[in-house]
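Which chain is which? The protein sequence lines are A and B, in order.
Take any residue in the first sequence, count from 1 to its spot, add 330: that is its number in the working numbering.
Oh and the second sequence: position 38 is 33 in the working numbering, straight run, nothing missing.
Do not rely on the hints blindly, as some may be mistaken.
[Unchecked claim] Now the stretches of chain B that chain A is said to cover, found in silico as 3 or more residues with beta-carbon under 8 angstroms:
{"#": "1", "region": "13 to 24"}
{"#": "2", "region": "41 to 48"}
{"#": "3", "region": "91 to 98"}
{"#": "4", "region": "205 to 218"}
{"#": "5", "region": "235 to 243"}
Hint data in this document are derived by calculation from the structure and do not stem from the laboratory.
If you're wondering where the values come from, they're calculated on a predicted model, not measured in any experiment.
Each residue gets a CB set at the ideal place from its N, CA and C atoms; glycine is no exception.
The chain contents come next:
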Amino acid sequence: MNRTLVRLLQAPSIIVLLMWMIVPLSMTIYFSLIRYNLLYPERTGFVGLSNYEFFVTDAAFPPAVWNTLILVGSVLCISVVLGLAIAILIDRPFLGRGIVRVMLISPFFIMPTVNALVWKNMMMNPIYGLFAVVAHTIGAEPIDWLTVYPLLSVIIIVSWQWTPFAILIFMTSLQSQDQEQKEAATLDGAGFWAQFWNLTLPHLARPIAIVLMIQMIFHLSIFAEIFVTTSGGPGTASTNIAYLIYAQALLQFDVGVASAGGVFAVILANIVAIFLIRAVGKNLMV
Amino acid sequence: MTDKQILEWKNRFAVIGAWLVAILFFFPIFWMVLTSFKTELQAIAIPPLLVFEPTLDNYTLIQERTDYTQYAWSSVVTSLGGTALAMLIAIPSAYAMAFSPTRRTKDILLWMLSTKMLPAVGVLLPIYLLSQKLGLLDTKIVLVVIYALINLPIIMMILFNYFREIPKEILEASRMDGTSTWNEITQIVMPLAWGGIASTALLSVVLCWNEAFWAINLTSSEAGTLAALVASFSSPEGLFWSKLSAVATLACAPIVVFGWLCQKQLVQGLTFGAVK
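Next comes chain B alone, as it looks inside the complex:
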C-alpha cells in the first residue's frame, strides 16, 4: 500500500469512529424519546423493542394531569428574565472593568467566580426564609432574581474578555469627538461585541432553563418551571418509564432545539471570543 492509500484508510476508520461515538453519545436521548411513544408494558419489554406501534397516550395524559404550557411559560419567563436582568447589570460593569482596569480588577472577577462555587444547599434556608418574609415564595420574580445572581459571575467573566478584544483606539477616537459614555456603550461597544453578548446570553438561558434546585425548593404550582415539573414526575412515576420519558422529552425539547440552532454563537461565547 502506498502512503496515500494508508492515509485514506486511516481517514475512513476515523469517520466510522466518529459516527460510532456520536451514536453512543446520542443514544440515551434517542432511547428516551422512543420510550415516550411506547406503552408502559412495551417500555420494559425484554428484549427491548425497537419497532412497535407508537402511541401518543403518554403525552395526552400529561396534558390532562398538568398544564404543560403554564410550566413552559414559567421556564421561558424565568430564563429570559434572569438573563436580561443579569445582562443589564453586567454590561456596564464589564465595560468599566475592561476599559479602565485597575490592579484589583482581576481579583474582583475571581472573587465573583468564587461566589458561584458556594453550594446552593448551604444557603437554601436563609433564602427560603427571606423569600417567605417578602411574600415571594412560588413567584416567578424570586427565580428571576436568583437566576440573575447565580449567572452574573460567569456572564461578567465572559463579557469582560469579549470587551477587552475591542481595540482601545476606536474608543479613544470616539472620545476625542466628545461621545458620552452612554453613547459609547450603546453605539460603539455593544455593536462591536454583539456576537459575544448574544452568545453569553444564550449560555445563560440554557443554564437557567436547566436549573432545578431553586425551582424545586422555592416554587410549586404557581411558578414551577419545567425542571420542577420533571422532578414532580420523577418520584411517583419512577416505575412508569414511558410517562416519565414523555414529560422529560417535553421539558428538554425546547432547549435542545434552541441549542442546536444556536450552537455556533454558543461556542463563541464559551471560548471568550478567542475563536473567530
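Same shape as in the complex, but just chain A:
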C-alpha cells in the first residue's frame, strides 16, 4: 500500500472527528467571549474573558470540580474491585451459572435514565421505597437517601450500572487463564492470595486497563443520573461539571457563561486525556 492510499483511507475518520470537534468548539469559544443571555437578547458585544471569570469564581465551581473527581474516582474503584471479586466468585462450574451470569450483566443494558428513575422512586424513596421498608422492618429510621447522601446515592446508582460492565469483561478474561498453571501453583502450596497477586492480577492487567479507560470516558460527563435524581442538589452537593454547565445554559439562560464552562470542560477532559488515558492507553496498545 502506498502512502497516498493510506492517507486516503484514514482521512474520512480524521476529518469528520476534526469537524465534530472544531465546528462546535469554535462556536462555543466564540459564544464564551461575547455577552449572550437568552433572557436579555439586547445585551450584546465582546466581553473578553469575563464569562470565564464568572464561571470559575461561581461558588458552585469548586464543589463541582471536586464532585466530578470524587464521582469518577469512587465509581472506578467500586466497579473494578467489586467486578474483580464477583468475576472470580463465578469463575467455577456450578448449577445455574448461565442464569447467574445473565442476571449479573443485565444492569449494563438498562438506560441510564431508567436506572436513575427506578433507584430514585422504588429503592430510595423515603416513604414507599424498598430501602425505607427494610429500615422499618429492622426498626431503624428510614433515610432520605437523595437528600442526606446525594453524592453517595449517585455513586451507588452509577456503580450499579457499571459494575456489571466490569464483571462482563473480567469474567471472560478469566476463562482464558491458564488452568494448568493454577493447578501447578496449588500443588506448590500457593494459597488463594498468592495466586491472585502473582497469576490472576497480571493476567487481568489489560482488561483492567480497558475497563478503567472506557469507564473514565463515560463518567467524566455523567449527566442523566444526576439530572433525574438530585438535580445537582441539595445546593451543590451532587453537582458535577457537566451538570453545572447545563444549569448555566438551560436554567439561567446564560449561553456566554455556559460556553465558557464548556470550554473549561474540554480543557479538563484533555488534561485527563494527557495524563491518565496516555498512561493506560499506551499500556493497552503495545
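Use these hints to put chain B onto chain A, whose structure you have.
For chain B alone, coordinates are given in the frame of chain A:
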C-alpha cells in the same frame, strides 16, 4: 475435616454467594417489571406486594396515549443507522492504521478518544443551532449522524486492536498475488476479523439505544427514540410508578434481550479480542 471437605464447603459458600450477589444485582430490574403489572395503589403498598393479581392496564394505557411502535422504530433506525455509518467510516481507517502504522498513529487514536470526553452539554447549543439552520431538528438523520460521531472513537479503537491481531504474512501473501486494496479489505480482513467487527457493532448499537441526551434535546414527536419517550414520562408520571415501570420495561426490554443473546460477541469486542 479433610482438605477435600474444606474445599467442598468453600465451593458451596462461593456458589451461594454468587447466587445472592446475582439476585441483588438483578433485583431492581425484577422489581421494575413486577411493578409494571401492578395498579398504582398496589405499587406503593406497604409492605410491598410480591403476590397480587397482575394487570395489563398500564401497557394498554401507554399504547393509547403514545405510539410505542413509532418510538421503537426510531430507536431501531437511529441505533442501526448510526452504527452502520460509523462502521463504514471506521473500517477502512482502522485498516489503514493497523497495517501501515506511523509514529503518529497512536497519538491520533488517543486524540480521537479525547473527543469522546467532551461533555455534550458544552456543545449542545452550537449543534442545536446548526441542526435548526439545516432543517434537521426532530429528524432521524440528525441522530444517525451524531450517534455515528460519538461512537466513532471507541469503534476505531476497538477495530484497530482487532485488525492488528491479523497476521501480516497473510496480507503480504495476498499482495504478492496482486490483490487490490478493496479486495484485501472485503475478502481477507473483514472475514478474518468478523467476530471483532460484529461485537464492535453490537456495543455501538447498545450505546446508541440507551443514548438519551441528544435524543431529548434534538427530537420530539417525529423522531423521538424510546429513551426520549421514557424521559417524557418521567416528570409528570414521577408519582405514578406502575405506568413509569411499564414504559421503562417497554423501552429496555428489546436491548436487554438483545444483550443476553449477544453477550459472548459483546465481550470479545470489549476486550479487544484479547480473549479468545
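- Task: Tell me, in ascending order, the numbers of any earlier hints that this structure violates.
- Result: none
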